[in-house]
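Residue numbers (this note's numbering), protein chains in the order written: chain B, 1 to 272; chain W, 1001 to 1252.
FYI, nobody ran anything at the bench for these hints, they're computed from the structure.
Computed from a predicted model, the values in this text were never measured in an experiment.
Each hint should be verified, as a subset may be incorrect.
[To be verified] Stretch-level coverage of chain B by chain W, calculated; a stretch enters the list once three of its residues show a Cβ under 8 Å from a Cβ in chain W: (1) 228-235; (2) 240-247; (3) 250-258.
[As the list claims (entries may be wrong)] Cβ pair distances, simulated, as ranges: (4) M185/B <-> R1095/W: 25 to 35 Å; (5) F1022/W <-> T40/B: 38 to 48 Å; (6) R1095/W <-> L92/B: 18 to 28 Å; (7) H5/B <-> S1090/W: 19 to 29 Å; (8) N176/B <-> H1065/W: 55 to 65 Å; (9) K266/B <-> D1036/W: 54 to 64 Å; (10) K24/B <-> D1216/W: 25 to 35 Å; (11) E47/B <-> R1095/W: 26 to 36 Å; (12) A1069/W <-> V45/B: 42 to 52 Å; (13) P189/B <-> G1014/W: 30 to 40 Å; (14) E1087/W <-> Q191/B: 44 to 54 Å.
[What the hints assert, rightly or not] When the alpha-carbon atoms are kept at most 20 Å apart in a straight line, the in silico PhoX-like pairs for lysine-lysine are as follows: (15) K121/B <-> K1180/W; (16) K121/B <-> K261/B; (17) K67/B <-> K135/B; (18) K1212/W <-> K126/B; (19) K250/B <-> K1212/W; (20) K48/B <-> K183/B; (21) K121/B <-> K228/B; (22) K168/B <-> K48/B; (23) K1089/W <-> K1180/W.
Cβ atoms here follow ideal geometry from the backbone N, Cα and C, with glycine treated the same way.
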Amino acid sequence: MSATHQGSPVARLEQKTVVDLIGKGKRVDDRGPLDYRPTTIMLGVVEKANGSAQVYLGKTKVLAGVKIQPGTPFADTPDEGILTVNAEFVPLASPTFEAGPPDENSIELARVVDRGIRESKAIDLKKLCIEPGKKVFMVFVDVYILDHDGNLIDAAAMAALGALVNAKMHAFRVENGEPVYLKEMIPVPMQNYPVSITTAKVDSVTVLDPCLEEEQVMSCRLTVTTGKDDNICAMQKGGGLGFLSPDEIKQIVSTSISKAKDLRAKILSNVK
Amino acid sequence: MDNNKPVRLLDDNGLRVDGRRFDELRPLKIEVGTLDKADGSAYVEHGRNKILAGVYGPREAHPKHIALADRAVIRCRYHMAPFSTDERKSPAPSRRELELSKVIREALEPAIMSEYFPRSTIDIFIEVLQADAGTRCAGITAAALALADAGIPMRELVAGCAAGKIDGKVVLDLSDVEDKQGEADLPVALMPKSNVVTLLQMDGSLTEDEFKQALDMSTDACRKIYEMQREALRQKYHVIKDEADKEEEVTA
Chain B
1 MSATHQGSPV ARLEQKTVVD LIGKGKRVDD RGPLDYRPTT IMLGVVEKAN GSAQVYLGKT
61 KVLAGVKIQP GTPFADTPDE GILTVNAEFV PLASPTFEAG PPDENSIELA RVVDRGIRES
121 KAIDLKKLCI EPGKKVFMVF VDVYILDHDG NLIDAAAMAA LGALVNAKMH AFRVENGEPV
181 YLKEMIPVPM QNYPVSITTA KVDSVTVLDP CLEEEQVMSC RLTVTTGKDD NICAMQKGGG
241 LGFLSPDEIK QIVSTSISKA KDLRAKILSN VK
Chain W
1001 MDNNKPVRLL DDNGLRVDGR RFDELRPLKI EVGTLDKADG SAYVEHGRNK ILAGVYGPRE
1061 AHPKHIALAD RAVIRCRYHM APFSTDERKS PAPSRRELEL SKVIREALEP AIMSEYFPRS
1121 TIDIFIEVLQ ADAGTRCAGI TAAALALADA GIPMRELVAG CAAGKIDGKV VLDLSDVEDK
1181 QGEADLPVAL MPKSNVVTLL QMDGSLTEDE FKQALDMSTD ACRKIYEMQR EALRQKYHVI
1241 KDEADKEEEV TA
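Can you make the complete structure from the sequences, with help from the hints?
Spelled out as structure tokens, the structure:
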């Protein structure tokens, strides 16, 4: 059952400082309301994975790994590969994370990242079919949260995209319904590059890319994921007990689309 | 299974598979107080969705350590019956149900004056008996009424309705076939009087303009559903209200 979260362990005074700063158009880390934290993305950090990426978003650190292996397709998509996104909130990343089965926060994060990749049709899943109805490739994207300093969704989405772009699989031909692997390595067939932008609402002000201290005082957040055509492919409101007016939402969407464009260019320039 | 799917979701007159116009809601049937034991309950039929919501509380927090010192803990469980879908659904909670329990709780919590009941819990149970797209929104519509029926102080009701895109056109309140074959789905929940959105999710593909159109369409529909919610509450309480009115006349 989903239950109201325990309050953040931050002192009231500290919370007030964060809120007051944002009210004045400033932020705890000297950013402007619409500034994204410095972002670094490193590809191929885990050799045994088909693809991997480590993302630093300010002090937030997320590692994503892609593994590709054959499996059985779903009955309703017999000729398409399978995409699975999972997230681990590793206990070393935050004093509030605990070992154990995934909680609603990690499920929500994984599903929002999944929706971004799936709905933007980032991977051409038809090209991952080996034998329709019998065998397809399954793409597992596992997101590891290593250091939690806020805005995990954006960092995770970026790491997942980086890992997919980085991923290589053996070229294959099909013999008697079984894949025969060739020596040549090919990239995962990518056709879109979804980027998530999360905005937090603190008091009545909205700020982009909230850090942990800001997340602890936000009333809610809105994540907008867009593809390379600037179309919105996934959205999620969450992160608290707050609400947004329709006008606020439209404003956030507009800002997110233009920010995503910048960030996508940055990620892809890192990659190529 | 895929062989009999209609190729087009909109006909030449712009009507949908079930004959609705692009901005037309499915028929709703709302009943308040359908359960005996629950402190509050409501039953909503939204198109072919059949959804039952029950509320228990405010009651003692159990286990005790989950209690909050300054407000009630709101707990929410969204669950689909194994027979509610085409293929049997395992009764174990899926990742989807866990996510929806969370976003539904977050959609209802802004409306609940939980600060009146510190150290207690308010439990919201939503059972989907039959699913036909838009269950989270209909679940919110039902749960808000169940909360009101339980006598829990609320800032206002919450109403839910989705918009989406089929055959390139933005339409209101997707049915099952439209959701599966359509291009986008945008579930929204609204607190209509203060005009604020408490649930917002999206998947598919929408341009910025299409999104704005879909958001306006769904919030308008939420306001319509809100009127139906009020009417349903009145239905149950009109006897009590009549008595209260009479009393008022006497004292006046």
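| chain W over the stretch 228-235 of chain B, status - at least 3 residues with CB closer than 8 Å | holds (count 6)
| request: Using the beta carbons of K24/B and D1216/W, state whether their distance is inside 25 to 35 Å or not. | output: holds (33 Å)
| task | Can you let me know if the beta-carbon spacing of P189/B and G1014/W is within 30 to 40 Å? | result | Because 37 Å falls inside the window, the suggested range holds.
| query | Is K168/B within 20 Å of K48/B, Cα to Cα? | reply | Measuring from Cα to Cα gives roughly 11 Å; hence the hint holds.
| request: Could you see if the CB distance from F1022/W to T40/B stays within 38 to 48 Å? | output: holds (46 Å)
| query | Is it true that E47/B and R1095/W lie within 26 to 36 Å of each other by Cβ? | reply | Cβ of E47/B to Cβ of R1095/W: about 30 Å, so the range 26 to 36 Å holds.
| request: Would you check the hint for K1089/W and K1180/W, treating anything up to 20 Å between C-alpha atoms as holding? | output: holds (17 Å)
| said: Taking the Cβ atom of M185/B and the Cβ atom of R1095/W, is their distance within the range 25 to 35 Å? | reply: holds (32 Å)
| message | I want to verify a distance hint. Is the separation of the beta carbons of A1069/W and V45/B within 42 to 52 Å? | response | Hint holds: Cβ distance 44 Å, inside 42 to 52 Å.
| Is K48/B close enough to K183/B, meaning Cα to Cα at most 20 Å? | With Cα atoms ~17 Å apart, K48/B and K183/B stay inside 20 Å; holds.
| Distance restraint hint 19 to 29 Å, applied to the beta-carbon atoms of H5/B and S1090/W | holds (28 Å)
| Is K121/B within 20 Å of K1180/W, Cα to Cα? | Cα-Cα ~15 Å, so holds.
The structure is inconsistent with the numbered hints 14 and 18, although it conforms to all the rest.
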